[in-house]
Amino acid sequence: MEKKESRALVSLVFIFIVVLLIRLVLALVIPNFTYDSYFHLRQVEEVTATGLPKYEDHLSYGGRRLLFLPFFHYLMAFFHLFLPLELAAKIIPNILIASLTLITYLISKKITQDKTASLFSAFIAGFLPILYSTNDFGPESLFLPLNFLAIYAFFNIKEKKFLHLYVILFLILSFTSPATFLLIIGFAIYLLLSVLERKKIKREEVEVILFSLFFFAWAQFLFFKNLFVEEGISFIWQNVPPQIIKEYLPIVSITGALILVSIIPFLAGIFMVYRSLFQSKNEQSFLLISFAVSTTLLAWFRLIEFRLALAFFSIILAILFAQFYREFKMFMSKTRISNYQGAISLLLLILLSLTMIFPAAKAAFQQETPSDEEVNAFKWIKDNTPENAMILALLEEGHLVTYYSQRKNIMDNKFSRIKNIEERFAEFNTLFITRFQTLAVGLIDKYGIDYIVFTPQAQKKYQRANFKYLSIDCFERLYSDETKIYRITCSLNQIKEKEAR
Amino acid sequence: MTDKDSNGRKIDFQKIENETLKHFFDHRQEYLILLALILLLTILLSNLLEDKLLIIGEESYYHLQTSLESTSKNIFYFPLNFLMKVLAEFGNESIVIIPLLLAISSILLYSQLAKKLQISAFFSIIFLSLLIFSPAFLFTFATISAYSYFTFLILAGFLLLAQERERYRYLAMIPFLPATFLDIFSTFLLLALLILYFYQEKKKPSRKHLQRHLQSKPGLPLMLIGVIIMSLLTNIFIFQQPFLLGPFHHQQRMADLISDLGGLSGMSFFLFLLALIGLVAARKQKNRSGLYLLTALAIPAYLYNTRIIYPLTVIAAIFATVGIIKLFEKKWVLDSLRKLTLFLLILGIIFSAFTYLDRLVLNSTSVEERNVLQWIKENTEPQAVIFSNPEKSHFIEYFSKRQTFSSLPASKTLSEETAAILSAAYIDELFPLLEKNQINFLYLTKEMKEQLPQNYGLLFLLKNEKFKLVHSRGDTEVWSFRK
Chain U
197 MEKKESRALV
207 SLVFIFIVVL
217 LIRLVLALVI
227 PNFTYDSYFH
237 LRQVEEVTAT
247 GLPKYEDHLS
257 YGGRRLLFLP
267 FFHYLMAFFH
277 LFLPLELAAK
287 IIPNILIASL
297 TLITYLISKK
307 ITQDKTASLF
317 SAFIAGFLPI
327 LYSTNDFGPE
337 SLFLPLNFLA
347 IYAFFNIKEK
357 KFLHLYVILF
367 LILSFTSPAT
377 FLLIIGFAIY
387 LLLSVLERKK
397 IKREEVEVIL
407 FSLFFFAWAQ
417 FLFFKNLFVE
427 EGISFIWQNV
437 PPQIIKEYLP
447 IVSITGALIL
457 VSIIPFLAGI
467 FMVYRSLFQS
477 KNEQSFLLIS
487 FAVSTTLLAW
497 FRLIEFRLAL
507 AFFSIILAIL
517 FAQFYREFKM
527 FMSKTRISNY
537 QGAISLLLLI
547 LLSLTMIFPA
557 AKAAFQQETP
567 SDEEVNAFKW
577 IKDNTPENAM
587 ILALLEEGHL
597 VTYYSQRKNI
607 MDNKFSRIKN
617 IEERFAEFNT
627 LFITRFQTLA
637 VGLIDKYGID
647 YIVFTPQAQK
657 KYQRANFKYL
667 SIDCFERLYS
677 DETKIYRITC
687 SLNQIKEKEA
697 R
Chain L
1071 MTDKDSNGRK
1081 IDFQKIENET
1091 LKHFFDHRQE
1101 YLILLALILL
1111 LTILLSNLLE
1121 DKLLIIGEES
1131 YYHLQTSLES
1141 TSKNIFYFPL
1151 NFLMKVLAEF
1161 GNESIVIIPL
1171 LLAISSILLY
1181 SQLAKKLQIS
1191 AFFSIIFLSL
1201 LIFSPAFLFT
1211 FATISAYSYF
1221 TFLILAGFLL
1231 LAQERERYRY
1241 LAMIPFLPAT
1251 FLDIFSTFLL
1261 LALLILYFYQ
1271 EKKKPSRKHL
1281 QRHLQSKPGL
1291 PLMLIGVIIM
1301 SLLTNIFIFQ
1311 QPFLLGPFHH
1321 QQRMADLISD
1331 LGGLSGMSFF
1341 LFLLALIGLV
1351 AARKQKNRSG
1361 LYLLTALAIP
1371 AYLYNTRIIY
1381 PLTVIAAIFA
1391 TVGIIKLFEK
1401 KWVLDSLRKL
1411 TLFLLILGII
1421 FSAFTYLDRL
1431 VLNSTSVEER
1441 NVLQWIKENT
1451 EPQAVIFSNP
1461 EKSHFIEYFS
1471 KRQTFSSLPA
1481 SKTLSEETAA
1491 ILSAAYIDEL
1501 FPLLEKNQIN
1511 FLYLTKEMKE
1521 QLPQNYGLLF
1531 LLKNEKFKLV
1541 HSRGDTEVWS
1551 FRK
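Same order as they appear, the protein sequences are chains U and L.
Numbering follows the numbering used here, in which position 67 of the first sequence is assigned residue number 263; successive positions increment by one, without gaps.
Numbering follows the numbering used here, in which position 463 of the second sequence is assigned residue number 1533; successive positions increment by one, without gaps.
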């Protein structure tokens, strides 16, 4: 038995190390970070420098007030004390996501008591394509492992040490990401399903759920009360402009889910959800199913981002795969091919590897990150423009403007509390697509833009080589590589005077 | 002194060892009144210090304005009219004392009624605390509102009804009758409460003398209900009372329910959660079944008109009390979590209340706005029509003594024309609307100017020569429109 235990442990550690190594290699090979990451990098720098996050941001949108939960940034600031930020930002999130293999193993073993099945779950969790944003630096890399560790602690809530662990984890989660409400909704659905199925709910579980609910509500209220008042119920949609809401909250796509979760875990997981809901009486599976149901419902009604919902859902499917494997093994043992169990398991492993490792790598290479040339262009802006300059760049490049260039941007993807966002977005878009100089310069005057940037990313997005309204009179080219940077040298009044003459 | 917990077990207050708690239980009525006064006076004092009007809320000005219009339909406003004249000696805003007095009286009446109906003191303390901290209570008793008056009247009526002596029970007619003069829904609510009351009284074994009385002389219940129905019919067909007074603001169902989402009133998110828990917990308690009936009445009415939030909050506070008692009276398996959760709840409710108070003061109307309206009253023709935010129409009419173009509740046509004026992009769209509706002045407040676009629309069109800025003070402006 001990030999089996140590073999399983060695296999688990092996899976963890392989996953971590692959993730780190990909993170270091692929240049830079995803566009959103630069917002968090800047916040970590601010915490390191001043001890507080940058809630009053004079660069984003030309000056605005931000609201977000800061625990992740404090944690990364701690590591920044020992490591260069950009290195820590590549290593730590990948370690955190790789740790999902360990956590998934623990949860699967708790449910199935089967080491081999649990190892399969760990393997799947390590190679889920949806989790292969290796260059993404953000709270989700902490949220996902903490969330599932909290679920594991919840399964063992009768033991005092796990109760304390759960409380600590939940406190951290409440200050890491508002997505913790996935856990709360999952608990609510668990209670509801338990009542409907006439399952006896343990008192300590109800007590922990109540505590979680009230603590989470209080924590969010503490940070976001002004946001709730200003935006009302639409705070859920984060003030995303209606023109692009479909990008942030897309309609649930089964095809997309199949690709990002991988077909075998997806089908096996769905099968187990069905069985657990209607046939099995396993309590822990029931809780996991509740989380799966809550995530699906919230994504279906577009109340949470699809990618986050899918990441959460896919890890649950990975855990449920252990149950599927165990039942499959039990089924096989009753058939004639019971002697070939080992071979079939190996075949399954190969199939999983083929259907997951390459899509995972592909997902990593498909991450949208700025090129080195683009980063250099934004760094050039910092060295060659006045400190209070306003820069026009793509929406997703807004954080590059604030991080590398340390200049004001017109827009970035933190839309909360920005007034007239629909109008602003429409005008912002116009600046990239219009042919009319007068219109463009009018908008440039309105927003006080001093420099405009056209990167290869902008070329790809708008299917054009450059801005269409440029002229020598009004736009002085300062930087010309693949990225083009222009300084504005005229105003609308000047153009009108010239036209009048 | 003893009390009973939710399972009927006796709690002896003499045996409470904690001196502070014992003192609080002994003087709970006084402390609860003090709590209500502190919170309500905070609003008044904050407004005073911020140079804002003490009388807040559009509904207040609706009642004040209506009481000045003496018609046969407004005989119900006689008490308010009388009080306004009496209190005018002490200053224009001294009438703000009325809702404070109604709050204190209501708490006193409730305490007496709770003793008569043998409602647990423990239950009452929690219920009143939750209610007093709710934004709906704070808003209702900080403004001149129909529901503050209604609460006082029905508590007085039920207290009289709960008396031992028969002659006092007949006197219950005196407060109940005026309670029917507010709107039709309030009368239905009163009828439902009376029916529930008599039904519960018949079932209670401890009040056999009343039960005997009701059985032998069904006169009182029938008479009361009969008179109220007669009053209802009179109000519907003769006085053409509305089904529900108001609304006095643009309704947002979620925000008006949960005050933390920016609503004018409502309940805190924590109270809402507790009410949901209590809703589930109370289903097995037979003596709470009437609450479900009231909830079934209140929810559809709320969806129709969010002004019903105050009675809905009272019902929610009752359920929340049941919820709290159910959650915390027993020892938890994880007892340390129990204390922490209770602490979080109390903290959340208090925090929510103070955040609401802060917001209420921030959004109150400034003295400068009143002064600008007084300028309009002194410097414009009596038949002038003023265009402004419909949510402020009663306030504008009360101080300027001029007619506003649109007020809430507004007909569909008026709402559409108001929206059209506010969003007009060209003078070809705007001028015909202003001329057709004989609008002479535009009254623009700071909030309106912040919400309207600057570079196009109404604010941009004010640059046209037909508009003239005739008066401004601070951020408040009056523009005349020359046809």
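Hints may be right or wrong, so weigh each one.
Said to hold, decoys possible - Per label pair, the in silico range of CB-to-CB distance:
#: 1; chain 1: L; residue 1: K1516; chain 2: U; residue 2: E695; range: 55 to 65 Å
#: 2; chain 1: L; residue 1: R1323; chain 2: U; residue 2: L262; range: 27 to 37 Å
#: 3; chain 1: U; residue 1: T451; chain 2: L; residue 2: S1481; range: 47 to 57 Å
Derived by calculation from the structure, the hints in this document are not laboratory data.
Since this is a predicted model, take the numbers as computed values, not measurements.
For each residue, glycine too, the CB sits at the ideal point set by N, CA and C.
Now the hints, each set against the structure:
For L/K1516 paired with U/E695, a C-beta distance near 38 Å fails the hint of 55 to 65 Å. For the hinted restraint 27 to 37 Å between L/R1323 and U/L262, the CB-CB distance of approximately 29 Å keeps it satisfied. Range check, U/T451 to L/S1481: Cβ separation about 50 Å, and the 47 to 57 Å hint holds.
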